[in-house]
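Please model the entire structure based on the sequences and the hints provided.
In order, the protein sequence lines correspond to chains A and B.
No gaps in the numbering here: position 204 of the first sequence is 239 in our numbering, and each next residue is one more.
No gaps in the numbering here: position 94 of the second sequence is 129 in our numbering, and each next residue is one more.
Check the hints yourself; a few may be wrong.
You can't tell identical chains apart in this list, so a pair holds if it fits in one copy or across any two.
Pairs of lysine-lysine, DSS-like flavour, derived with a Cα cap of 27 Å [to be verified]:
| hint | residue 1 | residue 2 |
| --- | --- | --- |
| 1 | Lys259 | Lys515 |
| 2 | Lys474 | Lys383 |
| 3 | Lys463 | Lys282 |
| 4 | Lys58 | Lys151 |
| 5 | Lys515 | Lys229 |
| 6 | Lys147 | Lys436 |
| 7 | Lys114 | Lys338 |
| 8 | Lys257 | Lys210 |
| 9 | Lys537 | Lys338 |
Bear in mind the hints are in silico, worked out from the structure with no lab data behind them.
All of these numbers come straight from a predicted model, not from anything done at the bench.
Number of protein chains: 2
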Amino acid sequence: MTNQSTVVDLRLSSKRVVGKPVKLPTVLACSGSDSSGGAGIEADIKSITAFGCYALTAITSLTAQNTKGVTSIENTDPKFFEEILEANFEDIEIDVVKTGLLNPESSRLLLKFLDKYHKGKPFVLDPVLVATSGSMLADQHELGFTIDSHFKKATIITPNFEEACVIYSYLKKLKTVDELGEIETLEDLKGMAKFIQQTTHCNSVLLKGGHIPWNRNEQLVKKKGGDPAYITDILYQGHLDKFTVIKTDYLTSSGTHGSGCTIAASIAANIARSLKIEDAVISSIRYVHQAIFGADETLGQGKGPLNHVFHISPPINGTSAENNFLPFYPGHFLDYLLEHPLVSPIWKNYINHPFLENVATNKLAKNRFIHYICQDYVYLASYARVHGLAAGVAPDIESIKAEAHIIDSIMEEMHRHKDVLNSRGIVKLDELRPSKACKQYSDYLLNIAKTSDWVAIKIALAPCIFGYYYAAIYARSFIKDEADVDEEFLNWINTYTGDWYKDAVDEARQSLESHMQAVSPVQLAELVKIFADVCQLEVNFWTSPMELPEQDL
Amino acid sequence: MTNQSTVVDLRLSSKRVVGKPVKLPTVLACSGSDSSGGAGIEADIKSITAFGCYALTAITSLTAQNTKGVTSIENTDPKFFEEILEANFEDIEIDVVKTGLLNPESSRLLLKFLDKYHKGKPFVLDPVLVATSGSMLADQHELGFTIDSHFKKATIITPNFEEACVIYSYLKKLKTVDELGEIETLEDLKGMAKFIQQTTHCNSVLLKGGHIPWNRNEQLVKKKGGDPAYITDILYQGHLDKFTVIKTDYLTSSGTHGSGCTIAASIAANIARSLKIEDAVISSIRYVHQAIFGADETLGQGKGPLNHVFHISPPINGTSAENNFLPFYPGHFLDYLLEHPLVSPIWKNYINHPFLENVATNKLAKNRFIHYICQDYVYLASYARVHGLAAGVAPDIESIKAEAHIIDSIMEEMHRHKDVLNSRGIVKLDELRPSKACKQYSDYLLNIAKTSDWVAIKIALAPCIFGYYYAAIYARSFIKDEADVDEEFLNWINTYTGDWYKDAVDEARQSLESHMQAVSPVQLAELVKIFADVCQLEVNFWTSPMELPEQDL
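Below you can see the structure in the form of structure tokens.
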């Protein structure tokens, strides 16, 4: 084929180095879908994902909606909803159940499954009634049923102020919310939260204050006026008879669509992560506050969605949950290096060097190849010495052992070179003198070995051992039929694609990766520089024989 | 109320410091829902979120399924699906459209909306036909329509091997896939990918090789046997006539359910992030590889889901997308400090010190209060000096200015103390001698100022300025009616809850936060230690007057 073709080899992904994650905390979200992605099941999945947990879904209804409003709602057929719950509960261990908008049928079905599969396990209930938009979402009479039958099973319920008023008046058997009387002070709100908990026997109540900001004088803006200064959320934990009052700055952002779903889903995820209720609530309020603040206000023409991902770095360029300090996840430092802008172009020049295609296609003049083998023989002696020096400053016994093994492999490599050269009548290998490229490279390594610490030495040694693996694979890619390839050339290529070499490379990688979590960002920059320098020295090393006048031996 | 009650004040969230995110890249995912959360729209939302993008949804069908199989499928009513697409397209600017499992109606409707709203914009088409489980998901005749009408609009299509075979035979007008003949080599697969692109006129084809591993000898295991060694995915870009062959290690993990949806959704997200097609594909293959490797194999009894969140650190404890190096996101260093296990308990002892309740409830003997004011006056002189020394080593003009403003505020604070003391006939303030607690604190600050760098000095100065803000709010919480409070006490409390002080605190916070991105993890640990030390010195400072014999002045 004449097409342009590139091979991207992502093997040696050092899978043995990367620690398997602990069991993923699981949350089953039961809610309606918001097609615009800001609220409902979409907000649930995004929030649960943002906290590193696993989301399952039981979609109670589909909605066609955007930031300006809801066009239409279609409830999931009850029979079908039951099949969804059965499929989830009977197969996957669910740590926390979180409910948002329910319809009468789905709410009754859920009750059945909570009793059958989830008795006594965490259950976060968001009594969705009034959206941030102010529009009524659920039927108030239906809410009565939910209050009587679901609340007592809930670990925490998360009404906003309007919802709390409706629940409160229902419990007080008032005809309308207007009979509630004035609710003006923090104490009034605390009383409301405590009354709801004690009457409904849910474990805890989070009374969300997002819709009722306070002014600088600690008065409700809607009662006493003034500029909104802060928001107060109130957590009441019945079993501890404890209030936690959480105050956050008032934000003017329009991106609040879905904040209710998001806070309940975040609490569910945090509980699944084994946080205590109070910590789960505080962490979730922080998250929602930041997600509202970070909202992309260009999204949609109405009340826009939160930014659920303000803290997420895309994978690879991002960091691992086990490691907040470095821009690669454990076991993937080499991947980071090879993709680094300072390294990547030089690395490609190295592992795709023309020398390799010339070898694989018999185009390399023999004298150039033999010159290269001689120089590589000289180089390998220094290379082995530097591994010795590395062993001298290695941080642990394992690393010393690894260095020794690598030296063994280098000795085997030199032995293969020796055979080639002897067969050519070149026997006094100790008398070989280094070329300019060879000397520069060896001097660089020895200088690092004498002046730097173990990790820096390892990095300086890395391009050779890892590069030859990739380079040989690149060379092989030109071979259609081994029979066509000069035997010396083929043997040389097979040396570095063989199992013995891959094993050496695997061991080297593990030894390297297992120590990379200890470096600082500053040190990291130095290591990248060293790696790039050495890759260039490797390029020069293959370029130098190509500059010799050709002759066949 | 007699309940236990805690106030958690999350104000001063330094919102002015946190950089607003750039516009969120948006992806509309059209697919069926997988209730078990591993594939379908759930996998789409998780993947798009994992890459820091914004997901919108158009759910084509609901399924009741788990890791063992699909119980039932219910397609979304076409009329309703149309409303969903209209709601999304007419309101939110969609960067990329990604489709998974479509049914005949939804596929025709989507076509209409692509022409109306998304002409010439990126469109990632996953021709879902065969799931990783091997079961047929879509009707093959229907696929014919999709091939003829959708492919030419696609930026990239992502068939797996089986799907590619079906598409290939359809295009070759073969009766069955069996007439395809042998596909044995990499060249055969490349030919297939190129033929599909050139015949259907999609922009690019990613031929996924996850189901056809290769052995160590670079032969297809299903043809030549041997152990699976690696996977080969082939990208062919028609406009460049370029192949990219991506090789990854073969993984034995059972957690591959949803890998097809995940790779297509990741590619869509990466394209929305403005990556080039080749980079988008490589990044996505890496992600899926790691997500399969990191799969939690305890999830479900069948073919389990990928781990979409292996790289995600929960917010607050996690890092920001703008900052991969430190365990807090920009503008939230103080939050990190106050929640740090070394700091948090001492901080609470400080800002909830009994001294404060005594002041707010008139229980503090006046001689203790006056002693405190005298000592605080002495302390503030050193405190102001240290801010001067900080200005001397400040990294930029802004910081020098900020130090000067803080010194102004301290002078105002000292002036208020002076008035209190003068009214008590204490006039020779220069003759005041520091108590033990005061001297220890001042010496500690001056020592840091002389031996450490600017950031360390700022941290040493931080507990005083920030702590008094929170402490005063704590004190206020005991006040029901200001009229009940001793005037001197009330004035003192109001000093630190007043606007002038909040403004000073805001400015101090911004000055601090704006420089915290430069510290290394090692330096960070030292800063935490300094902050904790100083909090303890503050505790001692308020404890010392409480130890004086009480007397009323």
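For each hint, the structure was consulted:
Only between protomers do Lys259 and Lys515 lie at most 27 Å apart by alpha-carbon distance; the minimum there is 17 Å, versus 84 Å within a single protomer. With identical chains, the CA atoms of Lys474 and Lys383 are at most 27 Å apart within one copy only, with a shortest distance of 23 Å there and 62 Å across copies. For the identical chains of this complex, Lys463 and Lys282 are neighbours neither inside a copy (81 Å) nor across copies (42 Å), given an alpha-carbon limit of 27 Å. Proximity of Lys58 to Lys151 under the C-alpha cut-off of 27 Å is restricted to the intra-copy arrangement: shortest distance 23 Å within a copy versus 45 Å between copies.
For a Cα distance limit of 27 Å, the shortest separation of Lys515 from Lys229 across copies, 20 Å, qualifies, whereas the shortest one inside one copy, 78 Å, does not. Taking identical chains as interchangeable, the C-alpha atoms of Lys147 and Lys436 are never at most 27 Å apart, the minima being 60 Å within one chain and 65 Å between chains. Taking identical chains as interchangeable, the C-alpha atoms of Lys114 and Lys338 lie at most 27 Å apart only when they sit on different chains, with a minimum of 26 Å there against 34 Å within one chain. With identical chains, the CA atoms of Lys257 and Lys210 are at most 27 Å apart within one copy only, with a shortest distance of 23 Å there and 73 Å across copies.
Taking CA atoms no more than 27 Å apart as the test, Lys537 paired with Lys338 passes in neither setting, with 56 Å inside one copy and 31 Å between copies.
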